Amino acid sequence: MWYLPELFDLDPLYAVYTVALVIAGLVMIAGGSLNSGKGPWARLGTVALGLLFLGYGCYLYFFLPATFYIVWYIFVLPLLISVNVVRALVQKYERDEEPPVWQTSQLADPKA
Numbered sequence: 001m002w003y004l005p006e007l008f009d010l011d012p013l014y015a016v017y018t019v020a021l022v023i024a025g026l027v028m029i030a031g032g033s034l035n036s037g038k039g040p041w042a043r044l045g046t047v048a049l050g051l052l053f054l055g056y057g058c059y060l061y062f063f064l065p066a067t068f069y070i071v072w073y074i075f076v077l078p079l080l081i082s083v084n085v086v087r088a089l090v091q092k093y094e095r096d097e098e099p100p101v102w103q104t105s106q107l108a109d110p111k112a
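Residues in the sequence shown are numbered from 1 upward in steps of one, following full-length UniProt numbering.
Bear in mind the hints are in silico, worked out from the structure with no lab data behind them.
Values in this document were obtained by computation on a predicted structure and should not be read as measured data.
Yeah, the Cβ is synthetic: ideal placement off N, Cα and C, and Gly gets one too.
Mixed in with the good hints, there may be bad ones.
Claimed, not checked - Between beta-carbon pairs, the in silico distance windows are: (1) 4 to 71: 18 to 24 Å; (2) 45 to 92: 16 to 22 Å; (3) 67 to 12: 15 to 21 Å; (4) 92 to 59: 17 to 23 Å.
All chains should be built: construct the whole structure from the sequences, respecting the hints.
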C-alpha cells in the first residue's frame, strides 16, 4: 500500500487524479443521499455513479495499475450533479416556505 505523500512523489498527476476521483465520488454519494425532492431512481443513479468514482479512485490508489487513462472531462458530471442537487434543495425550500392556503386567505381579508 502506498501512502499519499509517496504517491505524490512518484507521480503527482496520478495522485491528483486519484484524490479527485475519491472526492468526486464522496460528493456524489452525499448528494444522492440527500432528500432533495428528486425521484428515487435519480438519487440511486447518483449514488451508483458516486460509488463507481470512489471505487475507481480506490482501485488506482491501492493497486497502481501499469496502464491507466486520465480523463479529466468526467469531473463535469459531479459538478452538474452538485448543481442539480443544490437547485432541487433550493426549490424544495422555497416550496416549503409558501404559507398554506388558509393563511393567505386570512392575510388578504383582515376581518375574517
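Evaluation of the provided hints:
1. 4 to 71: 18 to 24 Å: holds, 21 Å
2. 45 to 92: 16 to 22 Å: holds, 19 Å
3. 67 to 12: 15 to 21 Å: Cβ of residue 67 to Cβ of residue 12: about 18 Å, so the range 15 to 21 Å holds.
4. 92 to 59: 17 to 23 Å: violated, 35 Å
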